[in-house]
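4 protein chains.
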Amino acid sequence: MSKSGGFTEMAGAKAAKEAPHVGVGMLGYAFMGKAHSNAYKKIPYMMYPPVAIPDLVAICGRNEEGVIEAKKRYGYQKHYTDWHKMLEDKDVQLFDNGTPNDSHAEPTIEAIKAGKHVFCEKPLARTAEEARTMLEAVKKSKVKHQAAFNYRFLPAIRQAYDLIKAGKLGKIYTFRAVYLQEWGMPHYGVPRVWRYHKAEAGSGALGDLAAHLIDLARWLVGEIKAVSGLARTFTTERPMPNGKGMGKVDIDDDVVSLLEFEGGAIGTLEATRFAAGRKNHGCFEISGEKGAIKFNLENLNEMEVFWVGEEPKETQGFHKVLVSEGYHPFMSNWWPHGHIIGWEHAMIHEINHLLDCIVNKKDVAPYGATFEDGYRCAVICDAILESAHSRKHVDIKY
Amino acid sequence: MSKSGGFTEMAGAKAAKEAPHVGVGMLGYAFMGKAHSNAYKKIPYMMYPPVAIPDLVAICGRNEEGVIEAKKRYGYQKHYTDWHKMLEDKDVQLFDNGTPNDSHAEPTIEAIKAGKHVFCEKPLARTAEEARTMLEAVKKSKVKHQAAFNYRFLPAIRQAYDLIKAGKLGKIYTFRAVYLQEWGMPHYGVPRVWRYHKAEAGSGALGDLAAHLIDLARWLVGEIKAVSGLARTFTTERPMPNGKGMGKVDIDDDVVSLLEFEGGAIGTLEATRFAAGRKNHGCFEISGEKGAIKFNLENLNEMEVFWVGEEPKETQGFHKVLVSEGYHPFMSNWWPHGHIIGWEHAMIHEINHLLDCIVNKKDVAPYGATFEDGYRCAVICDAILESAHSRKHVDIKY
Amino acid sequence: MSKSGGFTEMAGAKAAKEAPHVGVGMLGYAFMGKAHSNAYKKIPYMMYPPVAIPDLVAICGRNEEGVIEAKKRYGYQKHYTDWHKMLEDKDVQLFDNGTPNDSHAEPTIEAIKAGKHVFCEKPLARTAEEARTMLEAVKKSKVKHQAAFNYRFLPAIRQAYDLIKAGKLGKIYTFRAVYLQEWGMPHYGVPRVWRYHKAEAGSGALGDLAAHLIDLARWLVGEIKAVSGLARTFTTERPMPNGKGMGKVDIDDDVVSLLEFEGGAIGTLEATRFAAGRKNHGCFEISGEKGAIKFNLENLNEMEVFWVGEEPKETQGFHKVLVSEGYHPFMSNWWPHGHIIGWEHAMIHEINHLLDCIVNKKDVAPYGATFEDGYRCAVICDAILESAHSRKHVDIKY
Amino acid sequence: MSKSGGFTEMAGAKAAKEAPHVGVGMLGYAFMGKAHSNAYKKIPYMMYPPVAIPDLVAICGRNEEGVIEAKKRYGYQKHYTDWHKMLEDKDVQLFDNGTPNDSHAEPTIEAIKAGKHVFCEKPLARTAEEARTMLEAVKKSKVKHQAAFNYRFLPAIRQAYDLIKAGKLGKIYTFRAVYLQEWGMPHYGVPRVWRYHKAEAGSGALGDLAAHLIDLARWLVGEIKAVSGLARTFTTERPMPNGKGMGKVDIDDDVVSLLEFEGGAIGTLEATRFAAGRKNHGCFEISGEKGAIKFNLENLNEMEVFWVGEEPKETQGFHKVLVSEGYHPFMSNWWPHGHIIGWEHAMIHEINHLLDCIVNKKDVAPYGATFEDGYRCAVICDAILESAHSRKHVDIKY
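Protein chains in written order, with the numbering used here: chain A, 1 to 398; chain B, 1 to 398; chain C, 1 to 398; chain D, 1 to 398.
Source of the hints: derived by calculation from the structure; they are not laboratory data. Any given hint could turn out to be false.
Once the Cα atoms are required to be at most 20 Å apart in a straight line, the calculated EDC-like pairs of lysine to aspartate or glutamate come out as [said to hold, decoys possible]:
#1 B:K313 <-> D:D162
#2 A:K294 <-> C:E311
#3 D:K294 <-> B:E302
#4 C:K168 <-> A:E372
#5 D:K392 <-> C:D395
#6 B:K392 <-> A:E386
#7 B:K165 <-> D:E311
#8 A:K294 <-> C:E302
#9 C:K165 <-> A:E311
#10 D:K171 <-> C:E237
#11 A:K168 <-> C:E302
#12 A:K113 <-> A:E372
#13 A:K290 <-> C:E314
#14 A:K313 <-> C:E325
#15 B:K290 <-> D:E310
#16 A:K313 <-> C:D162
#17 D:K313 <-> B:E311
#18 D:K320 <-> B:E106
#19 B:K140 <-> B:D162
#20 D:K248 <-> D:D102
#21 B:K313 <-> D:E302
#22 B:K168 <-> D:E311
#23 D:K168 <-> B:E314
#24 D:K320 <-> B:E310
#25 A:K72 <-> D:D55
Note that the structure is a prediction, hence the values are computed from the model and not measured.
Only chain A is shown next, with the shape it has when bound in the complex:
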């Protein structure tokens, strides 16, 4: 236990040796550009002593006014409006793609060809076929590649991973997961932005939300061998963002699927933007021979665990664990004794991991999701839609 009640460990007790720098080129400056930039800015003083110092070399976006403002806001040194130019910038070693799904593949593949390490938002691509081109690109290269399945880097979920890998659940029987949001519902009045357009987004709740669950299912439980799915579009047209009439919605608002795992487990998942009252309700429960683990993204500092055999039965029950202490994954970087963290912190841990892999020549897997993981997730997403169409269970083939 801490000699000071956990409080003065906050001070850096020893001098940080000089950490190597990694030049970052950021593509996109909206929600994900903001979240990623925040991570680059916090890593040097919060993931301390730092394994690497990210240099905010450049930010790129199509709208020059916007990108200039973003440059000033986050402290990037340069800006570009053409990503090809940014890829020519020798100071950029890590290409970070935080754009919508239809601009994941091309710029990222070009970055790989240019020898940049790559970090790309999820879903990796609009389809498995497109994701495969990205995977093939990294296979031909030596760059580090990470797909932004950031929930792997939440302390509670990493703790779940560590417990499962240590055999604490034994054989796994079932995985059940939902990712429920409500902002697609009519009363929100969201227009037909790119997220509702298959050509730009690939899919709807599936690629946006179910992809997270699928990545966690594969990471925590194991490979998926078959699925059976259904999808629904509850609102089939929406006003165009430019105000010019209505546009067709051709993606899924809600998707459900059965899962068969190679290890014998089965499962269910649902992802939807039509769940009244649910803001960001991403939950899973994994039931195994020796115990069970539960998680809820809206309360991400907590996990619940149950152990079958180790406790007096009269007081057995799910443990409600506040994953907030220095002995929990990542938490020694933050605050003492139950001072909780937020959603943005997973992104910080995730990007820090990639920087560590880059400068220390470590593998991104198994802690981080690679483009192989991004591809496999895309294959499963496609299979769910195929099943919804063919009305058959669909075997997964990578």
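Position chains B, C and D against the provided structure of chain A, taking the given hints into account.
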């Protein structure tokens, strides 16, 4: 509001007029025999003033010693060891079948033929085919028939039903449900009792647990038009109860299914006896256009509701409702102000409903589940297993 | 573990030997009369095999029409409108007093003098002085005496008691408790019934609700040596129940107190009928050197426990225990596997305990609350009001 | 509602006009130094467009090696080992005191005399007398002064404040609050650091934890007119941090108090470092005539509210509100749709408020806590200890 703080309304304020009597013949005296007998004994003084007085005419079981003890315990007037004899008893007007699944159909059909009203435990039968014979029998008769889907009679679930029927959820988008128990897991050491034997039980978690969810799905959301299922038997043999070697387990330990509703909603369900830490975790969440409703059987005095449009958004959220007040369904029969009820009370409400239908010539539907409902549930159960086998989505045909 | 999954243990496996009978005379037929009568009716077949069979000899109340109806409703053999007469009835061995607080002392003392065992609702009396007269009466007699602090007989609270007595919490540091209800608030419109009248009730939330917490504090943590209190009457007059004008409210609507225990622990309590949104929210948390225990009456089938030292720290947390299994106190009498019980069941367990003490010559203490406990609780209640008046900490002297 | 589902509002839509700069001099670099520095670094790009840009002018601490490292870590321009020197630095406009309690008064008063705006950690001082000297200093000056009662700046608590000020609770009846931590318990093995030493800390759980509750009580409910307290030191000696023997603990490990508010409400509070299983459990519930509000610091993105009169009673219940949306206080600065924030964010909002007050000449009150608030809190803390000693209720006199 009550003039006395809700307390003295407990006293019957006016004399009960003499209620008609209904003679009951009970088949079975184990778990369900106990729960049903308890209901018959409490109705006269708790569902007050009573619509009918059940007379405990006879109880029947194969083990004479056991049935004689049960007769004394619960106060039945007579006992039988052959149900044919009990059906000949003129004093029996209501035949209550609380036996294992393989003795649902024959005695119940004979009771119907003998002109007895019938109350049969769920699942109605081992297969849809068998359930159909029971349905056909009641169609040819004038008796009242009720299948023991007792959760319809929990105050919170009846409240959910009333809200949905009043349109409070609007169009329904999704139904998600689980029924998780753990007593099938290896460490419980349960032998190969009838519940693990297809010839006696028909199915495993499916007919035992998923059947409840399917009945609620149909009742609350509407008719189901297709399913897609998976099933697993995690423990394939168990010691025979008679101590003579091992017996094969040929039913499902865990079953999952997708649901397509005629009204456009989709859903998932899981039922399992292998969910570590879950004692009797029967939950559903229904998401609709105007709101959502949640329920959990382990905390059955509560429901959660969310309304989309009626509240200031800064304090919107799921309402955690203690369904414990006199203005909630059934609760005025019980205790004032948050003094909660238990699982057994649903059975009391359910049997009281059937007695009311019998003496007042009311329809069992829509509040109670009829044999038509029991049959339809069986059709859906069969379709889930068929889908697990054929690996295709299966359309429901009644 | 059960050989049958916990299900067929429901059948009485062996014949009950003939249990002795105890004749009951019940005074009062409102809320408590109903709850006690229900207990007498269920004990013979649910607390099985029974330790004693209560005979419903007689019920007594001032309103003859009401008491005759209650006799029929609950199946009492006789009725009285004068409790003196009932006490002359030789068939009555146990006198059960379920009346308002101002008729606790006199009839109960007369019953004791008549050699009847006594069960009296809480608070035992309106003041410590009055309670002392009841205690003195039982001290001069050989009758069994129990005060209806029924929450001692909830399975979760008995489990807490057993854990504490086994030393599982070690030295206790703090007891914090609230008992929150809302039905006194203006919008309920409750008139000035006896509960708002000091001459009849003695006190308000204090004797009605805080008394439960005080009894639990003494039972679970140990003797109280000093208190410091405050009290408020938020609604100082209410319409008289007879419709004739307004009546003064001279009891507390809300009371708070500090507690000092002899063992060194400290604590707080609050009892109120003015807590918006709280129906029957009786909660405590006990923090000790080795662990902690939490309980909430609105979810009475649960308890939460935390153990300091016995578990891997990364998954430490409060265990949410569903106190619903056969190995939990009292639960083997009821249903298998998470089929929960309600508020009324504590009363059944409590009265069964008293019957056991009567027929088997056992001590009511420590499991049941005796009149000594009822008196001590009254002393503490009086001290809290004295402190609110004197504005000093008040030492407890019995 | 957002036209883009809430996502692209993340991009700064309009260029920030050049914000004024405020030079910061930070005293202390441990837990609070880290949390404050993090706030200064995040404000320019997250509280966007910024009202002011904090310049990290200097950091000061007694240990030169440590303070140099902190300078590099957080990006301060200069370092000092003598705070007098830092106060002479003309570039410092805001003096931020994040040191232990015994170095709050003197440096802060000197800073005020030097014309610096001041931000001081809580409790403002070790005693009311000491706090009064600080209050008197600001009264003689024109500097802005804020005491770091950061929980006022949690979105859920600000939301609670706004609701109460808008009259949504009506007349308030009760305030009940606890602040429970466990790290003082023996098994943590914390030595006799300054927090256990009255000369350095002033008090224990009282000034550290109860002070937060007292500030919130005053802010949310209103002025306190009397208290009655108890305090306990469960561990009376601890090993000295320097390894030289044992040191006496002369502060409170656990403190409880009754509260009387001028507006008629009453309340209880407890603060302890001996609550097994509680990491940072700071909770309050406020019950009023028209509703109630609940909050828990371990789940700080949530609040619960209950409204007495505005909803159909059959679905009334506490609303579980995820305070995570753009329409909630402060949240539009962060992430869309349920992407939650952490503990550190309150500090960011709080310091941003002070910067806004400095550059825009606004009053720190009522949203921020001034030194007047810090002083009044200290008076109440002292009164609680006085009551614990005198065993009388103590009237508050400022």
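Pair hint outcome, D:K320 versus B:E310 [Cα-Cα no greater than 20 Å]: Judged against 20 Å, a Cα distance of about 16 Å means the pair holds.
Satisfaction of hint between A:E372 and C:K168, Cα-Cα up to 20 Å: Between C:K168 and A:E372 the Cα gap is close to 50 Å, so the pair fails against 20 Å, i.e. violated.
20 Å Cα cutoff - pair B:K313, D:E302: Answer holds: B:K313 to D:E302 is near 14 Å, not above 20 Å.
Distance restraint between B:K165 and D:E311, which requires alpha-carbon spacing of 20 Å or less: Roughly 19 Å between the alpha carbons, so the hint for B:K165 and D:E311 holds.
20 Å limit on alpha-carbon distance, applied to hinted pair B:K290 and D:E310: Within the cut-off at roughly 18 Å; holds.
Agreement of D:K313 and B:E311 with the hint, judged by alpha carbon distance not exceeding 20 Å: holds, 14 Å
Hint consistency between B:K168 and D:E311 [alpha-carbon to alpha-carbon, up to 20 Å]: holds, 13 Å
Proposed proximity, A:E372 with A:K113 (alpha carbon, max 20 Å): Distance ~17 Å between A:K113 and A:E372 Cα, so the pair holds.
Pair hint A:K290 and C:E314, alpha-carbon separation not exceeding 20 Å: Status holds; Cα separation ~17 Å.
Holds or violated: D:K294 to B:E302, with C-alpha atoms at most 20 Å apart: Roughly 19 Å separates the two Cα atoms, so the pair holds.
Satisfaction of hint between D:D102 and D:K248, Cα-Cα up to 20 Å: The hint holds at about 18 Å.
20 Å Cα cutoff - pair A:K168, C:E302: violated, 25 Å
Checked against the numbered hints above, the structure violates hints 4, 11, 18 and 19; every other hint is satisfied.
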